[in-house]
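In the order they appear, the protein sequences are chains G and U. For the first sequence, our numbering assigns the number 156 to the initial residue and increments by one for each residue that follows. For the second sequence, our numbering assigns the number 156 to the initial residue and increments by one for each residue that follows.
Keep in mind that the hints were calculated from the coordinates and are not lab data. A hint or two may mislead.
Which copy is meant is left open, so a pair is good if it fits within one copy or across any two.
In silico SDA-like cross-links for lysine to any residue, where the CA-CA straight-line distance does not exceed 25 Å [to be verified]:
{"no.": "1", "residue 1": "250", "residue 2": "226"}
{"no.": "2", "residue 1": "310", "residue 2": "241"}
{"no.": "3", "residue 1": "276", "residue 2": "242"}
{"no.": "4", "residue 1": "178", "residue 2": "226"}
{"no.": "5", "residue 1": "210", "residue 2": "240"}
{"no.": "6", "residue 1": "310", "residue 2": "226"}
{"no.": "7", "residue 1": "191", "residue 2": "243"}
{"no.": "8", "residue 1": "290", "residue 2": "233"}
{"no.": "9", "residue 1": "178", "residue 2": "292"}
{"no.": "10", "residue 1": "217", "residue 2": "163"}
{"no.": "11", "residue 1": "217", "residue 2": "278"}
{"no.": "12", "residue 1": "210", "residue 2": "242"}
{"no.": "13", "residue 1": "290", "residue 2": "321"}
{"no.": "14", "residue 1": "221", "residue 2": "246"}
{"no.": "15", "residue 1": "277", "residue 2": "214"}
{"no.": "16", "residue 1": "221", "residue 2": "283"}
{"no.": "17", "residue 1": "203", "residue 2": "186"}
{"no.": "18", "residue 1": "235", "residue 2": "175"}
{"no.": "19", "residue 1": "210", "residue 2": "313"}
{"no.": "20", "residue 1": "221", "residue 2": "198"}
{"no.": "21", "residue 1": "321", "residue 2": "226"}
{"no.": "22", "residue 1": "243", "residue 2": "278"}
{"no.": "23", "residue 1": "178", "residue 2": "267"}
{"no.": "24", "residue 1": "210", "residue 2": "170"}
{"no.": "25", "residue 1": "235", "residue 2": "321"}
Predicted model, so just to flag it, every value in this text is computed and none were measured.
2 protein chains.
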Amino acid sequence: MEIEKKKLYELNRRAFPDEICFKPIGIILTPFKTLKGIPIQSSISKVKGRIEIFKDYENALKDLEKFSHIYCIYHFDLIKLPVPLQSKPFLDNTKKGVFAIRTPFRPNPIGLSIFEILQIKKNVIDILGVDVLDKTPVLDIKPYVSEFDHRSQTKNGWLNGKVKYKES
Amino acid sequence: MEIEKKKLYELNRRAFPDEICFKPIGIILTPFKTLKGIPIQSSISKVKGRIEIFKDYENALKDLEKFSHIYCIYHFDLIKLPVPLQSKPFLDNTKKGVFAIRTPFRPNPIGLSIFEILQIKKNVIDILGVDVLDKTPVLDIKPYVSEFDHRSQTKNGWLNGKVKYKES
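Chain G with its partners taken away, still in its complex shape (with noise of 0.2 Å):
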């Protein structure tokens, strides 16, 4: 098993930890420049934009082409902390609690897009469906994956009939 051959802490030495930091492995470069009129959510973007991967990670983004959308995972770097924990959505005018909605205002401020693969050259993915700001900074890629990742019979609370195209 993989789990087998790699390094890891050891099980029964595990501290539960006050704080975890990640190093950037990428940059998303976007046409949104400033805060105003950024599509809410990819799935409603017709943007394109582009992921540079940093060069020192380059070979793990091997074997990803055949894939046709990517996870991608980002730090919303603006958001000044601590942040409220119930905020007004765009799609609703009364305030919802921020693990309700998928505001960018959060106690950590994790931004979670799927996003188009339309090529990759390189340490560069070109990519559809952007919703972020440029410069954004990038935490981690994952391939999406149909058989792992839709959900049917969802009940979407609050935004049930809400969902719309909308812009910051």
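Dock chain U against the given chain G, drawing on the hints supplied.
Leaving out everything else, chain U in the frame of chain G:
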């Protein structure tokens, strides 16, 4: 607009970060006390667990109970860095780039699972579809919204036809 009302760092003073640090907002409790026997994806797991959101963040859960599923973003806290940039996934025998597989052994060991919500009481979310080790630190919870998060006609790269139930 929501974005105007909140505190942001100034765009013209923005510097690209060397490191990005987060504080866990909760802990995932699961029956998996070791790394053996964990289902490799939440979509194929029938196992129950719970997420305890730390009391400081309990109010951020308001309105989440009307959603059926969540994205949970967490830290694979046993992974020692650096990791190889290519490795064998659970479902194939040849090495792939780690951004083209869902291995925990990633440059930033960030996990992403979709869990079904069974119930939410105070700061505890009972979940179905557990695929993570007990006591895993949680970074973020977002509502899963089918209209945002479904992609049809995806291409699933090397995973095509290989998805099946498997454990670690």
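* For residue 277 vs residue 214, is the C-alpha pair at or below 25 Å within one copy, between two copies, both, or neither? -> within (9 Å within a copy, 44 Å between copies)
* residue 250 and residue 226: within-copy, between-copy, both or neither at 25 Å Cα -> So residue 250 and residue 226 pass the 25 Å test across copies only (20 Å; inside, 28 Å).
* With identical chains treated as interchangeable, where does the CA-CA distance between residue 321 and residue 226 reach 25 Å or less: within a copy, between copies, both, or neither? -> Classified as both: same-chain Cα gap 21 Å, cross-chain 22 Å, threshold 25 Å.
* Can you give me the call for residue 276 and residue 242, within, between, both or neither, at a CA distance of at most 25 Å? => Only across copies: residue 276 and residue 242 sit 21 Å apart there, 40 Å inside one copy, limit 25 Å.
* From the Cα coordinates, with 25 Å as the cut-off, is the pair residue 203 and residue 186 best called within, between, both, or neither? -> Answer is within; shortest intra-copy Cα gap is 8 Å, inter-copy 43 Å.
* Can you tell me if residue 210 and residue 242 fall within 25 Å by alpha carbon in one copy, between copies, both or neither? -> between (38 Å within a copy, 18 Å between copies)
* Asked: Is it within a copy, between copies, both, or neither that the alpha carbon of residue 243 lies no farther than 25 Å from that of residue 278?
  -> Between copies only: 21 Å across chains, 38 Å inside a chain, cut-off 25 Å.
* At most 25 Å between C-alpha atoms: does residue 217 with residue 278 qualify within a copy, between copies, both, or neither? -> within (10 Å within a copy, 41 Å between copies)
* Asked: Within a copy, between copies, both or neither: where do residue 221 and residue 246 come within 25 Å Cα-Cα?
  -> Close across copies (16 Å), not inside one copy (34 Å); limit 25 Å.
* 25 Å Cα cut-off: does residue 217 pair with residue 163 within a copy, between copies, both or neither? -> Result: close within a single copy only, 24 Å intra versus 36 Å inter.
* Between copies, within a copy, both or neither: which fits residue 290 and residue 321 at Cα up to 25 Å? -> within (22 Å within a copy, 38 Å between copies)
* Asked: Given identical chains, is residue 178 near residue 292, meaning Cα to Cα at most 25 Å, within a copy, between copies, both, or neither?
  -> For residue 178 and residue 292, both the intra-copy (9 Å) and inter-copy (18 Å) Cα distances are at most 25 Å.
Checked against the numbered hints above, the structure violates none of them.
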